[in-house]
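Note that the protein sequences, when read in sequence, are chains A and B.
The C-terminal position of the first sequence is numbered 317 in my numbering, with every residue numbered one higher than the one before it.
The C-terminal position of the second sequence is numbered 745 in my numbering, with every residue numbered one higher than the one before it.
Hints were generated in silico from the structure; no laboratory data involved.
Incorrect hints may have been included.
[Unchecked claim] Computed cross-link-like contacts, DSSO-like style, restricted to lysine-lysine with a CA-CA straight-line distance of at most 27 Å:
#1 B:K617 x A:K128
#2 B:K719 x A:K128
#3 B:K594 x A:K238
#4 A:K129 x B:K594
#5 B:K726 x B:K435
#6 B:K713 x B:K731
#7 B:K726 x A:K129
#8 B:K509 x A:K238
[As the list claims (entries may be wrong)] Label pairs and their calculated CB-CB ranges:
#9 A:E207 x B:D562: 18 to 28 Å
#10 A:V213 x B:Q569: 54 to 64 Å
#11 B:P388 x A:K128: 49 to 59 Å
#12 B:G371 x A:G210: 47 to 57 Å
#13 B:A744 x A:P25: 34 to 44 Å
#14 B:D562 x A:V213: 23 to 33 Å
#15 A:E212 x B:P388: 52 to 62 Å
#16 A:S208 x B:D634: 33 to 43 Å
#17 B:K450 x A:E216: 17 to 27 Å
#18 B:L572 x A:E96: 49 to 59 Å
#19 A:E96 x B:H510: 16 to 26 Å
#20 B:D634 x A:K256: 35 to 45 Å
#21 B:N663 x A:V213: 51 to 61 Å
Predicted model only: the values in this text are computed from it and were never measured.
In this text, a Cβ means the ideal position worked out from N, Cα and C, and glycines have one as well.
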Amino acid sequence: MKALKISKNILLKNHLLSVNDLAVPEINVLLNRANYYANANRQKGKIEKILKGKTIINLFFETSTRTKTSFELAAKRLGADVISINASASAIKKGETLVDTAMTLNAMHADILIVRHPDSGAVKLLSKKVNCAIVNAGDGTHEHPTQALLDVLTIQRNKRKIKELNVAICGDILHSRVARSNILLLSKLGARIKIIAPPTLIPPGIESLGVEVFYEMEKGLVDCDIVMMLRLQTERMKGMFVPSTREYFKFFGLDKSKLKKAKKDALIMHPGPMNRGIEIDSSLADNLDRSLIHQQVEIGVAVRMACLEMLTIGIDK
Amino acid sequence: MKEAFRNAIILDPEKNKHYIGDIIIEKNRILDIGPNVYKNEKPKNYINTTDCKGLYVCPGLIDMRVSLGEPGEEHKENIKSGSKAALAGGVTTIVCLPNTNPVIDNVSVAEYVQNRAKEESKINLYTYGSITKNFDGQNLSEMGLLTKAGVKGFTDATQSVDNSAVFKRALEYSKAFDALIIQFPEDRNLAKHGVMNEGEISTRLGLPGIPTLAEVMVIERDLRLVELTGAKYHVSCISTADAVDAIRKAKQKGLKITCDTSPQYFTLNELAIDDYKTFAKLSPPLRSVKDRVAIANGLKDGTIDAIQSDHCPQDEDNKRVPFAHAEEGIIGLETLLPLSLELFHNKTLSLIDVIKKLTKNPASILNLNHGTLKKGAKADILIFDPNKPFVIDVKKFRSTSKNSPFNKKPSQGKVIKTICNGEVSYAA
Numbered sequence: 001m002k003a004l005k006i007s008k009n010i011l012l013k014n015h016l017l018s019v020n021d022l023a024v025p026e027i028n029v030l031l032n033r034a035n036y037y038a039n040a041n042r043q044k045g046k047i048e049k050i051l052k053g054k055t056i057i058n059l060f061f062e063t064s065t066r067t068k069t070s071f072e073l074a075a076k077r078l079g080a081d082v083i084s085i086n087a088s089a090s091a092i093k094k095g096e097t098l099v100d101t102a103m104t105l106n107a108m109h110a111d112i113l114i115v116r117h118p119d120s121g122a123v124k125l126l127s128k129k130v131n132c133a134i135v136n137a138g139d140g141t142h143e144h145p146t147q148a149l150l151d152v153l154t155i156q157r158n159k160r161k162i163k164e165l166n167v168a169i170c171g172d173i174l175h176s177r178v179a180r181s182n183i184l185l186l187s188k189l190g191a192r193i194k195i196i197a198p199p200t201l202i203p204p205g206i207e208s209l210g211v212e213v214f215y216e217m218e219k220g221l222v223d224c225d226i227v228m229m230l231r232l233q234t235e236r237m238k239g240m241f242v243p244s245t246r247e248y249f250k251f252f253g254l255d256k257s258k259l260k261k262a263k264k265d266a267l268i269m270h271p272g273p274m275n276r277g278i279e280i281d282s283s284l285a286d287n288l289d290r291s292l293i294h295q296q297v298e299i300g301v302a303v304r305m306a307c308l309e310m311l312t313i314g315i316d317k
Numbered sequence: 318m319k320e321a322f323r324n325a326i327i328l329d330p331e332k333n334k335h336y337i338g339d340i341i342i343e344k345n346r347i348l349d350i351g352p353n354v355y356k357n358e359k360p361k362n363y364i365n366t367t368d369c370k371g372l373y374v375c376p377g378l379i380d381m382r383v384s385l386g387e388p389g390e391e392h393k394e395n396i397k398s399g400s401k402a403a404l405a406g407g408v409t410t411i412v413c414l415p416n417t418n419p420v421i422d423n424v425s426v427a428e429y430v431q432n433r434a435k436e437e438s439k440i441n442l443y444t445y446g447s448i449t450k451n452f453d454g455q456n457l458s459e460m461g462l463l464t465k466a467g468v469k470g471f472t473d474a475t476q477s478v479d480n481s482a483v484f485k486r487a488l489e490y491s492k493a494f495d496a497l498i499i500q501f502p503e504d505r506n507l508a509k510h511g512v513m514n515e516g517e518i519s520t521r522l523g524l525p526g527i528p529t530l531a532e533v534m535v536i537e538r539d540l541r542l543v544e545l546t547g548a549k550y551h552v553s554c555i556s557t558a559d560a561v562d563a564i565r566k567a568k569q570k571g572l573k574i575t576c577d578t579s580p581q582y583f584t585l586n587e588l589a590i591d592d593y594k595t596f597a598k599l600s601p602p603l604r605s606v607k608d609r610v611a612i613a614n615g616l617k618d619g620t621i622d623a624i625q626s627d628h629c630p631q632d633e634d635n636k637r638v639p640f641a642h643a644e645e646g647i648i649g650l651e652t653l654l655p656l657s658l659e660l661f662h663n664k665t666l667s668l669i670d671v672i673k674k675l676t677k678n679p680a681s682i683l684n685l686n687h688g689t690l691k692k693g694a695k696a697d698i699l700i701f702d703p704n705k706p707f708v709i710d711v712k713k714f715r716s717t718s719k720n721s722p723f724n725k726k727p728s729q730g731k732v733i734k735t736i737c738n739g740e741v742s743y744a745a
């Protein structure tokens, strides 16, 4: 199949920084394209190298295994030259500012910079200083748009729709960029969202994003089609938010008895990395009938291929 | 030799009225002021006679919360550049925070700043001393000696004294010297790690928030201590509706306290942060629309006594970083007048009331001999046109730093002339 045709104008974007930048028709075009790649990825060797000659730099200021690999693989499958920079080994440690690092890479004429950074808004700041395309691969506790896109496509492939599904997002919402991007994207597409977490892990004013808030898992999970678990992000916590992981698992960890409150065909998701025994019971995580966790990873590559393609169209214009 | 300014609309904050009249200056004093006091006896007695028809005249403004960066951060601003900025903004008296490096917590630093001011500028420059040594929140500064050395009050600048026992002792001790204690109200633990107002916007931006509660809780505690000790107490930089309420109630109860705010808190709200604009990162943070309106109402009903600029210069390196790492603050000396005049233009306050909050009120809070047009007073005079439209342009600012979220903002009200100690120190 050839590169995107019909949707060229719709998908003209300079950057992918936030779910807010995408309108519903654009999201649908992107998801369709990603779905095509998801199928194509299973039959290796048939993908057109539309990014041949393009240079893509993975710039990760935070450790990452799956996102970095996923982006790298996505770029390589489309024929791009990819360099991954681990910030811990780079000039950052020598005191160079974020903007200077970006300017340096910019001067090397990269086509796309894929950036992950521990500070909210840092990727946006970069996008103002460089003239290549930027993909937000997670900025602080702000957004992680490609994760939300891959989550939505995973749900869509399993449930055949998004609209009117009941989606529960459980756990450390306060520190989660995945939660924020998912809330924005899922509500754009018409899902009903429930947030389940202890009050200390719920960001203030979250109701204004159109979600329902629960402190009790058994109540929140009632009637849910999708149960999205989040990792307790202890590395981002400044101070104590929950007394112990033991207590946390007891009340907010997903186990079989709590899952029974959801719909019979409810599916489990987790953006990874998982903390078994803290937010999710091991046997549930490994239950292939209920868990979409591995599918999420697989779809992730396809979604990122579609995103990179979208941005390349922007560059070529 | 005398100098005359004729036919101006004189705003006299003490008499609480305006009238058309003349001002005669001799040396650095106001020789005479009033309708028709200019007598045409011998024009040669006058070096200069200026017709000010249509222009307004008021006392030179007093800015009671300024950081000048000297000593310690001269690359952001120094006394020379800061004074120039002040005079260009119509400000003839500035009172500097002790957040210098080293901190103004002893007589030698206080005197150093005063001496530098005399070397560098004609402006009336005063300083505060810190409440606790090096802002440690524990050990009181030498309030007696500092008062003798001329500091105008005590404050830990950009942090509150959290320890209730220490603050109680500071209030008690200050009474021996009739000194003013100025609190910056923000509960350190509640505000810790926060970088903007807590609420929907902070949640959307994924930034840790500072709850409005952090402000009012400190004020409410302080009010108890003030009631107990009877000390002179002032709250600086009010930014929330709850704080305005708490102070309003305390004043109704008869407590003799005062407070101030800055133009940013009645002209902007948290939406100014937009896509992580670090120029809108302030301390206290910009609040919600509701808070902004409450601040304006607090100014209107007299709960808030004074307006200061909270001039806080920051260089680009401290602002061109991810939001959480950016330094707080904006420069305000050169926008103090036009932004305050918004209260007049949108009919929140009368012109004379705006001017009072910038002259007479801070003078009486700090016990300064400025902010008056009395006969015999020092000739610190501002001539301005409150209606003149212009666009704020930071490139034209005298401040070394340019961190202002008001750049390119269409505004109204321009300084025409600033007379400081009898000399024209700025003319548009």
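Outcome of the hint check:
Distance hint between K617 of chain B and K128 of chain A is unfulfilled; the C-alpha atoms sit about 41 Å from each other, more than 27 Å. This hinted pair checks out: K719 of chain B and K128 of chain A have alpha carbons roughly 19 Å apart, not beyond 27 Å. Between the alpha carbons of K594 of chain B and K238 of chain A the distance comes to roughly 24 Å, so the proposed pair stays at or under 27 Å and holds. A C-alpha spacing of about 14 Å is found between K129 of chain A and K594 of chain B, which places the hinted pair at or below 27 Å, so the restraint holds.
With a C-alpha separation of about 34 Å, the suggested pair K726 of chain B and K435 of chain B falls outside the 27 Å cut-off, and the hint is violated. Between K713 of chain B and K731 of chain B the CA atoms are separated by roughly 14 Å; this keeps the pair inside 27 Å, and the hint holds. Note on K726 of chain B and K129 of chain A: the hinted pairing holds, with a Cα-Cα distance of about 24 Å set against a maximum of 27 Å. Restraint check for K509 of chain B and K238 of chain A: the C-alpha separation of about 9 Å stays at or below 27 Å, so the hint holds.
About 25 Å separates the C-beta atoms of E207 of chain A and D562 of chain B, a value consistent with the hinted range of 18 to 28 Å. Distance hint check: the CB atoms of V213 of chain A and Q569 of chain B are about 38 Å apart, inconsistent with the given range 54 to 64 Å. Range check, P388 of chain B to K128 of chain A: about 35 Å between beta-carbon atoms, so the 49 to 59 Å window is missed. The hint said 47 to 57 Å for the Cβ distance between G371 of chain B and G210 of chain A, and at roughly 55 Å that hint holds.
For the hinted restraint 34 to 44 Å between A744 of chain B and P25 of chain A, the CB-CB distance of approximately 59 Å leaves it violated. Taking 23 to 33 Å as the suggested C-beta distance range, the pair D562 of chain B and V213 of chain A conforms, at roughly 28 Å. At roughly 55 Å, the beta-carbon separation of E212 of chain A and P388 of chain B lies within the given 52 to 62 Å, and the hint holds. Under the hint 33 to 43 Å, the C-beta atoms of S208 of chain A and D634 of chain B, about 35 Å apart, fit the expected range.
The hinted window of 17 to 27 Å between K450 of chain B and E216 of chain A is violated, with their beta carbons roughly 50 Å apart. Separated by about 53 Å at the C-beta atoms, L572 of chain B and E96 of chain A satisfy the suggested range of 49 to 59 Å. In this structure, E96 of chain A and H510 of chain B meet the distance hint of 16 to 26 Å, their C-beta atoms being roughly 25 Å apart. As the Cβ distance of D634 of chain B to K256 of chain A is approximately 55 Å, the hint placing it in 35 to 45 Å is violated.
In this structure the hint that N663 of chain B and V213 of chain A lie 51 to 61 Å apart at CB is violated, the actual value being about 38 Å.
When each numbered hint is compared with the structure, violations occur for hints 1, 5, 10, 11, 13, 17, 20, 21.
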